[in-house]
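Q: The chain contents come next:
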Amino acid sequence: MTRALLILGGVGLLLGVIALFGAPGSRGRLRGVLALATGALLVVLLAAPDRAQAALTVALSGATLAGLYVVAQLFERAAARKTGGDLRLDSDPLRRA
Amino acid sequence: MSVVWWLTPILLPLAVAVVTTLRPGPRTSWLLAAAPVPALVLALAGPLLPAPALSWLLLEPRLALDPVGRVLLALTAVVWIVAGVYARTEAEQRGGYVEWWLLSLSGNVGLLLSDDILTFYTAFVVMTLAAYGLVVHSRTVEARRAGRVYLVLGVAGETVLLAGLLLAAADAPGLRMAEVAGAVAGSANRDLVVALLLIGFGIKAGVIGLHVWLPLAHPAAPFAASAVLSGAMIKAGLVGWLRLLPIGALPLPGWSDLLVVLGLATAVVGVALGLTQRAPKVVLAYSSVSQMGFMTLLVGVALAAPEAAPVAVAAAAVYALHHGVAKAVLFVAVGLLPSAGGTWRRTALLVGVAAAGLALAGAPLSSGAYAKAWMKQAIDLALPGTSVTTFASLAAVGTTLLMARLLLLLRAQRPGAGPAGRPTPGLGAWLTLVVAMATLTPLLPPVLLPVLATPDSGAVVAEPLWPLLLGLAIAGAVALAQRRVGVTMPALPAGDLVVVGERAVAGVARVLALLAPPLTAALSRWTRAVQGAALALGRRDEGLDRLEDLLTRWRTGGAMVALVAVALVIALAMPLL
Amino acid sequence: MSLVVLALPLLGAGVVALVAARWRSPLTLTVLVLTLLSGALMAQGVGSGGARVVTLAAVGLPAAVVVEDGLSAALVLVSSGLALATALFGVLHRDAGAGPPAAYWPLSLALLAGLHGLFLAGDLLTAYLWLEVVAVAGAALVAWRGDGARMAAATRYFYAELVASVTFLAGTALVWSATGTVVITDLAGQVGDSTGGRLGLALLTTGLLLKVPVVPLHFWLPAAHTLAPSAVSPLLSGLVVKSAFVILLRTWVGGVPEVGQPTLALLLGVLGAVAVLWGGLTALRVERAKVLVAYSTVSQLGLLLLAVPLAVAGSGEAWLGAAFHAIAHALPKAALLMAVALLAHTMGGGTVDRLTGAAARRPVAAFAAGLAALSLVGLPPTGGFVAKWYLVVASLTTGQWWWAATIVAGSFLTAAYLARLLQRFFRGAGRTVAGESEPAERGRADVVALGLAAAGLLLGLYPNALLGLLDVGAPLGVMARG
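Chains as they are written, first to last, in this note's numbering: chain R, 1 to 97; chain S, 1001 to 1577; chain D, 2001 to 2482.
In case anyone wonders, no lab produced these hints; they're calculated from the structure.
Check the hints yourself; a few may be wrong.
Below, simulated SDA-like cross-link-like pairs (lysine to any residue); rule was C-alpha separation at most 20 Å, straight line [what the hints assert, rightly or not]:
| # | chain 1 | residue 1 | chain 2 | residue 2 |
| --- | --- | --- | --- | --- |
| 1 | S | 1376 | S | 1310 |
| 2 | R | 82 | R | 24 |
| 3 | S | 1376 | S | 1458 |
| 4 | S | 1376 | S | 1444 |
| 5 | R | 82 | D | 2349 |
| 6 | R | 82 | R | 70 |
| 7 | R | 82 | D | 2380 |
| 8 | R | 82 | D | 2147 |
| 9 | S | 1376 | S | 1256 |
| 10 | S | 1376 | S | 1365 |
| 11 | R | 82 | D | 2149 |
| 12 | S | 1376 | S | 1257 |
| 13 | S | 1376 | S | 1463 |
| 14 | R | 82 | D | 2194 |
| 15 | R | 82 | D | 2148 |
| 16 | S | 1376 | S | 1258 |
| 17 | R | 82 | D | 2464 |
| 18 | S | 1376 | S | 1386 |
Some chain S residues flagged as far from chain R (calculated, every beta-carbon gap over 12 Å) [unchecked claim]:
| # | residue |
| --- | --- |
| 19 | 1099 |
| 20 | 1155 |
| 21 | 1159 |
| 22 | 1275 |
| 23 | 1429 |
| 24 | 1479 |
So these bits of chain D aren't anywhere near chain R, every CB distance computed over 10 Å [what the hints assert, rightly or not]:
| # | residue |
| --- | --- |
| 25 | 2025 |
| 26 | 2057 |
| 27 | 2229 |
| 28 | 2291 |
| 29 | 2397 |
| 30 | 2427 |
| 31 | 2441 |
Idealized CB from N, CA, C, for every residue including glycine.
Modelling step: build the complete structure from the supplied sequences, incorporating the hints.
A: Shown next, in the form of C-alpha cells:
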C-alpha cells in the first residue's frame, strides 16, 4: 500500500515535470505545478518516520507548495498582461529579445 | 616595527622609481644615491632588527640575514650608493635609465635578504632582466649586441637555475634556503642538482666558458652601471652558490676538485684574455672574470671539507667585499678620466686606479692582501699540502700584469674636456669609496665573521710581496720589449668565444636562407590548411550556437532535468548492483 | 549571532514593505548595515570561539539545525557586504531615469534572509524552506516592472526553481524515511544500501543541480541574469547561485561522502568540467556583454562543482578551494556586472561592439571591470588565484590531474572571453555615433564597482584571514593540520 502510494507520488512528480515543460500555455503549466505539488506532498506524507512529525511536516510543506502555486499563478497573470496574451516559454527570451 | 626596516631596503628603490618617473630631473635624481641607504643601515644594524614574519603576504616570503649576508649587503649598499651619485648625470640624459637602475637595485638587495627560494629566484630574475636595460642604455650597436648576448645567456642561466631549484625543492621539507640546501645533500638527484646550480649561477658569476657575456655587457653600460654590475650584481651568482649548494653538509670531493680547477683556470684565463684588450673598461671586465675565479675556487674549497666550510664561506664573502669595492673604484675612475680636465684631478684618478690595482694584485697591507690571506687560511684548512696556494699566488702575478696594462692604457688615453654644458661630477663620492676600499676589508670581517683568524703580519706584508714584484718585473720587461723591439700584444675581440658563436649562428642562418624557398612554400601550405580549419570551426560555431539554442529551449530544459535525475539515480544505484 | 543575521533582514523586509515608499531605501540600507555588523560579529565569534551547532527544537517537527562554522560565517559576511554594495549601487545608479521600484527594497532583504538561511542550514528541511524564500524573492526581483521578455525570463526562472524545490523536497522526504533524520551531519553512514535513501539523494541532488545550475540544466540562467535589472543581477550571479551549492557541498562532503564514491563524484565532476568548457566557449561567441558575463557565471559554477569529486575523495584543499572560490567569485563578478551596466548606460547599448572605447568615456568603471577580470581569470595576486591554486593542488594530490587540466583550460577560456570584452573597452577614443569625443563620465556608482573589484584583489593579497576562517569547523580541516 505504502509503496504503491509512493510510486503514485513519483508518477505525479513525473507528470508534473512533463506538463510544466511540455504544455504550450499557462493553463497546462499550472496543472503541471499542481501535479508536482500533489506528488511531492504524497511522498512527504508517506516518508515521514512517525505520525506526529508527518502531520506537521505535511502541513508545512503543503502550505509552502500552495504558496508556490499561488505565486506561479501571479507570475502567469502578470506575464499575460505584459505580453498581451498567453505567455510562451519555448525559446530563450534572450534570443527572442 | 622591524618589518619597516626589512622591507624598506627592497621597496624604497621602487618608491623612488615612481617619484623620479613622475618628477624627473636634478631635483629628484639625488634619490638614486639615497635609495640603497636603508640596505646599508640594515647591514650595519643587522642583529638588532630580527627578521619579520611576513605570513600575511602572498606565498609568505621569508627574509633573513646572517653575518655573511651582512658583509655582502654592506658591499652592495656601498657600491650602489657611490655609483648612484655618478648615475645622476647619466640618468638626467635619457629616460628609462632610472627605472632599470632602481629595479636592479631592488632585485639585488632582495636576493641578499631572501631566505626562501621563491623570493630569491624572483629577486634574481628581476635583477637580471632589469640590468638588461642598463646594458643597452646607450643604444649603440655594440650595446645592443652586448644586450642580446647578455639576455640569451641570462635567460638560459635562469632556466637552468629554475630546473635546479625545482628539482631541489621537490625533496625539501620547505622552501627556506637552508631546507633546500639540506635536501640537495640527501637528494637522489644530488649531482644533477649541483650541476644545474653550478651552471645557472656560474653564468652570472662568469665562470670560464660561461663568461662570454660579461666582457661585452659590463663595459657596454654607462660607467656607473658597470660599477654596480661588476662590483655588486656579479656577486649574485656567488651568493646563490653559498646559500644553495650543500656546503658544510658533506664533502663532495669530485665537485670540489672541479670548482677549484675551474676557479684557478678562470683566474688565469681571465687575465690572459684581458691582456689582449685595448679598451680600459673591457680590461676591467676581464679582470672581474679573473677575480670571480678566486671566489669560485673558495666555493670549491668549502665543498671539499665540511669542517673548513665556515672559514671558506666567510673568506669568499670577504673576497667579494674586497673585489666589489676595488672594482667599483676602478670603473668609476675609468669613467671619470676622459672628462677630467685638470691635471690634479687626472693625477688623483690615476693614483686611485694604481691603488685599486695594487689592492686587486694583493699588495702588502692592501685589502687584497687581507682577502688573500684569509683565502689561504681556508685553503690550508681544507686542502692542506696541495699546491693550490702556489697556483693562486701565480694567478696574482697575472693580476699585477693586467693592472699594469690598464694603467698604461689609461695613461696613453688623450685627456679631453668633458662635453660642453655638463658639469664634471665631483670626486668626493669616489674618494669615499677609495677610503672604503682601504679600510672595509681589513676592519669589517674580524667584527662580523669571527671564524676568520686575524692574519699575522707575515701573511699580509711579506707573503704577498713576491707575486707583486714578479708581476711588476715582467710588466717592466714587456714594456721595455715593446718599446725597443716593437712587439705588440695580439688583439682579441672582446667577448672572445661569443665571436665564434656568432659566426656559427651566421653560418646556420646562411644555410637556412638556402633552404628558405622550399620552407616558405611548405609554411604557406600549412598556413592555408590552418586557415581552412579555422574557417571550418567558424562554421561549426553556428553549430555550437544552434546547440546552445537547443539547450536553452524550455522543453529541452525539462528533458535535461529528467536526464540528469536518471543519471544521478544510476550513479547512486550502481554500487548496489 | 546566527539568529540575528537571519532575523534582521527577514523582519526588516516585513517592516520595509509596510512603510511609505520614500522611507524604504534609507531603512533598507540601515538594516543592511546592521546585518553586516552582526555578520562581522558572528565571523569574529566563529573565528575565536570555533564552530557551533544550534539546534532549535520544535514540537512535532524534526529539529531545525543552524550551523555556525567558518563557511557559513564567511558567506554571511560576504553576502551582507555584497547586498549592501548592490543596494548602494541601486541608489546611486539609475537605469532609465528611475531608481529601483519600491518593491525592490523588501524583496532584496527577503532574498538576503533566504541566502543567510541557506548558508546556515544544517538540515535538509530547513534548507528546503529557505530555498523557497530565495526562489520566490529572486524571481520576483527579476520580474518586477519588467517587459515581456523579462517577464518570460522571470517565469522560466521561477518554474525552474519551483521544479528544483519540489524535487528537493521529495528527495529530502525519502532520505528522511530511510535514515530517520534530516540533519546533514547525522546522515553519515546511515544511507548505506537503502534504495529509498539513495533515490532520495539522487532527487535532492537533481534539485540542487538545477538551482546552481550546471550545464545542461542552465537553460534558465542566461536570460534571467541578463535581463534582470542592474541592481539585481549582482545578487543573482554573485550570491544566489552559491546558496544551492553550499547545500550540495555540505551534503556530499560533510554528510554522505561514502555514498558518493566513486560514481556520483565522477558524474558531478564531469558535469562541472562540461560546464566550465561549455560556458567558456559560449561566452566567447555571444554578442551582448551582459550575456557574456552570464555565461562566465555558468563556467565558473562548473569550477565549483569540480571541487566536489576532489573533496569527496577526502581532499581538504578541495573543500577550502571551493569555499574560497564561492566567495572570491562573488565580489569581482558583482563588480563586473555593475561596471558593464554603467558602461552600457554611457555608451547607449550593451553589445560587445557597442562598448568599444568605453574606457575613455567612463574610466573608473572600465578600470573596475579590468580589475575584476584579473580576479575572475585567476591571475596572482587575486582571490581567484588562491581559489584555483587550492583546487589545482587538490586535484594533483588526489591524483586526479585531469581536473587540474580542466581548471587550467577554463582559466584560458576565461582570459580569452574577458580579453574580448576588455580589448574593446580600451580600444580607440570614446566616440559617439556622430564622431565627436565626449567628456569622461563618472559617478559614485562607479566607486561601488571599483570597491568590490578591489575587495576581490585584497582577498588574494591577504588570503590567510579568510582561509583560516573557512577552516573553522570544516569537515576536512587543512590549515589546522598544516
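Q: Between residue 82 of chain R and residue 2148 of chain D, is the straight-line Cα distance small enough, at 20 Å or below?
A: holds (5 Å)
Q: Classify the label on residue 2229 of chain D as holds or violated, using whether its beta-carbon is more than 10 Å from each beta-carbon of chain R.
A: holds (15 Å)
Q: Is the straight-line distance between the alpha-carbon of residue 82 of chain R and that of residue 2147 of chain D 20 Å or less?
A: holds (6 Å)
Q: Is residue 1376 of chain S close enough to residue 1258 of chain S, meaning Cα to Cα at most 20 Å?
A: Measuring from Cα to Cα gives roughly 18 Å; hence the hint holds.
Q: Taking 20 Å as the top limit, are the C-alpha atoms of residue 1376 of chain S and residue 1463 of chain S close enough?
A: holds (11 Å)
Q: Quick one: work out the minimum CB distance from residue 1275 of chain S to chain R and report holds if it exceeds 12 Å, violated otherwise.
A: holds (79 Å)
Q: Assess, step by step, whether the Cα of residue 1376 of chain S is no farther than 20 Å from the Cα of residue 1458 of chain S, and give holds or violated.
A: holds (13 Å)
Q: May I ask you to check that residue 2057 of chain D keeps its beta-carbon over 10 Å from the closest beta-carbon of chain R?
A: Label holds. Min Cβ-Cβ 12 Å, cutoff 10 Å.
Q: With a cut-off of 20 Å on the C-alpha distance, tell me whether residue 82 of chain R and residue 2349 of chain D pass.
A: Measuring from Cα to Cα gives roughly 23 Å; hence the hint is violated.
Q: Check the hint pairing residue 82 of chain R with residue 2464 of chain D against an upper bound of 20 Å on the C-alpha distance.
A: violated (50 Å)
Q: What's the verdict on residue 1376 of chain S and residue 1365 of chain S, does the C-alpha distance respect the 20 Å limit or exceed it?
A: holds (15 Å)
Q: Keeping to a limit of 20 Å between CA atoms, is the pair of residue 1376 of chain S and residue 1310 of chain S held or broken?
A: holds (14 Å)
Of the hints listed earlier, those the structure fails to meet are numbers 5, 7, 14, 17, 28, in rising order.
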